[in-house]
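Novice: Read top to bottom, the protein sequences are chains R and A.
Number 319 in this note's numbering belongs to position 312 of the first sequence; there are no gaps in the numbering.
Number 519 in this note's numbering belongs to position 34 of the second sequence; there are no gaps in the numbering.
Be aware that a few hints might be false.
A short list of chain A residues far from chain R (calculated; beta carbon distances all over 12 Å) [as the list claims (entries may be wrong)]: (1) N502; (2) D510; (3) Q519; (4) G546; (5) R558; (6) H561; (7) R588; (8) K612; (9) P619.
Calculated pairs, PhoX-like style, for lysine-lysine (alpha carbon to alpha carbon, straight line, at most 25 Å) [unchecked claim]: (10) K541/A x K324/R; (11) K518/A x K324/R; (12) K293/R x K518/A; (13) K307/R x K612/A; (14) K283/R x K518/A; (15) K612/A x K321/R; (16) K36/R x K191/R.
Please keep in mind that the hints were generated in silico from the structure rather than gathered at the bench.
Even glycine gets a Cβ: it sits at the ideal position worked out from N, Cα and C.
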Amino acid sequence: MISQRLREAIAGVFSEVDVALAYQQGFDKLHATPCFMTMPEEINKLIWNPLCVHNLTSYLPSLKKKKVAVVVKGCDSRTIVQFMQEGLINRENVVIIGIPCNGVISVNKVLHETNHEPIEDITFGENGEITVKTLKGEKTLLLSDVCPDKCKTCQYPTPIVYDRLVGDPITSDKSPDSVYADIKEFENKTLEERLQYWEQEFDRCIRCYACRNACPMCICQDSCIAETRDPHWISQRATLSEKFMFHMIHALHLAGRCVECGECERACPMGIPVNKLKRKINLDMKELFGYEPGIDPEDKPPLYTFKVDEVTIKEHKI
Amino acid sequence: MSDVAARELRIVGFLCNWCSYGGADTAGVSRFKQPTDLRIIRVPCSGRVDPLFIVKALLNGADGVLVSGCHPRDCHYTDGNFYARRRLEMLKRLLPFLGIDERRFHYTWISASEGGKWQQTVTDFTKRVHELGPLHAKKEATP
Chain R
8 MISQRLREAI AGVFSEVDVA LAYQQGFDKL HATPCFMTMP EEINKLIWNP
58 LCVHNLTSYL PSLKKKKVAV VVKGCDSRTI VQFMQEGLIN RENVVIIGIP
108 CNGVISVNKV LHETNHEPIE DITFGENGEI TVKTLKGEKT LLLSDVCPDK
158 CKTCQYPTPI VYDRLVGDPI TSDKSPDSVY ADIKEFENKT LEERLQYWEQ
208 EFDRCIRCYA CRNACPMCIC QDSCIAETRD PHWISQRATL SEKFMFHMIH
258 ALHLAGRCVE CGECERACPM GIPVNKLKRK INLDMKELFG YEPGIDPEDK
308 PPLYTFKVDE VTIKEHKI
Chain A
486 MSDVAARELR IVGFLCNWCS YGGADTAGVS RFKQPTDLRI IRVPCSGRVD
536 PLFIVKALLN GADGVLVSGC HPRDCHYTDG NFYARRRLEM LKRLLPFLGI
586 DERRFHYTWI SASEGGKWQQ TVTDFTKRVH ELGPLHAKKE ATP
C-alpha cells in the first residue's frame, strides 16, 4: 500500500525537517487537500490516491528558509527543477519524496460524469478503474477518461529529482509527439478563427486570479503587475481587452518557464484553457533553443540568457 | 504628409536611444520623406522593450508595432539587444497563435548612421500595415 509506505518515508525524515507537505482528506470523499505536518502524530492523517492532484511544490519558495519535506509526483518534480534553475529554493533545505504516478483525477470531469451529484464514496481499483457512489447509485469510470489532459501525454511519470522514491519507477508509454499535438492542431485554424476562439474564452474570465495564485512559477505574488497601480498595466474594468491583457501578462511572464503542471487550468472556475498559451511558448522554446523547462537543474531558462550568434533566429524582412 | 494615400493608421515604434532613435534623427536631418503613421517612443535600449509593451499597444488601438535597436554586437549596454532578440522572436511566434497577424509586428536593427535604412523600413512597414488594414475595424465601427 503506497499510503503506508509514504507515511513510513515521511516518518523517516521527519526529525530532519521543520514541516512536511503532503495530502489529507478534504471536505468530502472526492477532494484531497494539502496538509502541513509539523507534529509526528499528524502523519496518520496523510493519504495518497489519484485525487492528490495539487502541486505541493508551489509552497516551497515561500518556505525557502525552512527545512521542508515535500511529496511530489512526476509532473510536480519538474517545478522543483525549475525552482533550482532560477535559484528560488535551496535544494539542501528540501527533502523530496517522489511517487511514481499513473495519472490523477480531474475532479471536474468526475462531477461532470455524475451530473454533479454529491459523492458518497469513491474507491480505486488496481487497473485504473474508479467506482463512484452517489445517492443515485454507483458508476464505474476509467482513470484514462477522467484524468486531466496533462496526464494523457505525460512524459515524466517518475519524478526527475527525489531523495526517496516510494514505489517502483514507471516509464512513460506516451509518444513525445503527442505532447503538443493539440497546439499544432490549433495552428491549422485561420487567424480569424483563432482570434475568435481566444476572445470567446477570455471573455468568460472573471479576473479572480485563481490561475495566477495557483501557479507555482508566478513568484511575484503580491507585487503582480496585474494589480499594481504603479505601474498601472490594467484597470479593474471588466472589458475583453483588460481580460486579454491579464492573460497575456500571465503567459509572457511564464515564457519558457512554465512546467505545464496544469494548476492554472485546474484552478480556473470558468474552464478557460489557460495553459494553452504557455504550452505554445514552450513549443517555440523547444524548437528555437532546444529547451524544455524543469528537466535539467543546470540549465538556464532561454529568456534569461542569449547566444551572440543565434542560428535559429532568422532576420525578418518586410 | 503620409506617403500612403489612405486614412492614417496608428503604428507605434519603440526605438533604442543609442542607435535607432539616432537613425531616425539622421533620416529627419537628411530630409528623407517618411510616412507619418508612426509614433515613436524612445527607450534606453531594445532590451527595455517588454513584449507586453507590444501586446498592450496592439490590444489598445495600435495597428502595428515596430521595434528597432542597435545591431547585434553593437549594443550600448553590451548585451541588451541579445536578450531583446530572443524575447521579440518569442512574441513574433506567439502573435499568430492569438489570432493577430504577425506582419503587424516587426523588429529590426538600425544604427544611428543608417538614415536610409530607417526610411526604407518605416515606409515598407507602414505600407504593409496599410495593406492589412486597421486591426480594430470592427470595434471602431460599433462604438
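Novice: Compare the structure with each hint and give your call.
Specialist: Going down the list of hints, with the structure as the test:
1. The claim that N502/A is not at the interface with chain R holds, since no C-beta of that chain comes within 12 Å of its own (minimum 20 Å).
2. With a least beta-carbon separation of about 21 Å from chain R, D510/A lies farther than 12 Å from that chain, consistent with its non-interface assignment.
3. For Q519/A, the requirement that its beta carbon stay farther than 12 Å from each beta carbon of chain R is met, with the minimum near 14 Å.
4. At roughly 9 Å, the least C-beta separation between G546/A and chain R is not larger than 12 Å, which violates its mark as non-interface.
5. Its closest Cβ contact with chain R, about 7 Å, brings R558/A to no more than 12 Å, contrary to its assignment away from the interface.
6. Distance check on H561/A: its Cβ is at least 16 Å (rounded) from any Cβ of chain R, clearing the 12 Å threshold; non-interface status holds.
7. With a cut of 12 Å on Cβ distances, R588/A falls inside the contact zone with chain R, its closest approach being about 8 Å.
8. With a least beta-carbon separation of about 8 Å from chain R, K612/A fails to lie farther than 12 Å from that chain, contradicting its non-interface assignment.
9. Listed as a non-interface residue, P619/A keeps its Cβ farther than 12 Å from every Cβ of chain R; the least gap is roughly 14 Å.
10. With a CA separation close to 24 Å, the supplied pair K541/A and K324/R stays within the 25 Å bound.
11. A hinted pair counts as satisfied when its Cα atoms are at most 25 Å apart, and K518/A with K324/R qualifies at roughly 21 Å.
12. Restraint check for K293/R and K518/A: the C-alpha separation of about 42 Å exceeds 25 Å, so the hint is violated.
13. Restraint check: the Cα-Cα separation between K307/R and K612/A comes to about 40 Å, which exceeds 25 Å; the hinted pair is violated.
14. For the hint linking K283/R to K518/A, the alpha-carbon distance of about 44 Å lies beyond 25 Å, and the restraint is violated.
15. Between K612/A and K321/R the alpha-carbon distance is near 22 Å, which keeps this suggested pair within the 25 Å criterion.
16. Taking the CA atoms of K36/R and K191/R, the gap is near 38 Å; set against the 25 Å cutoff, the hint is violated.
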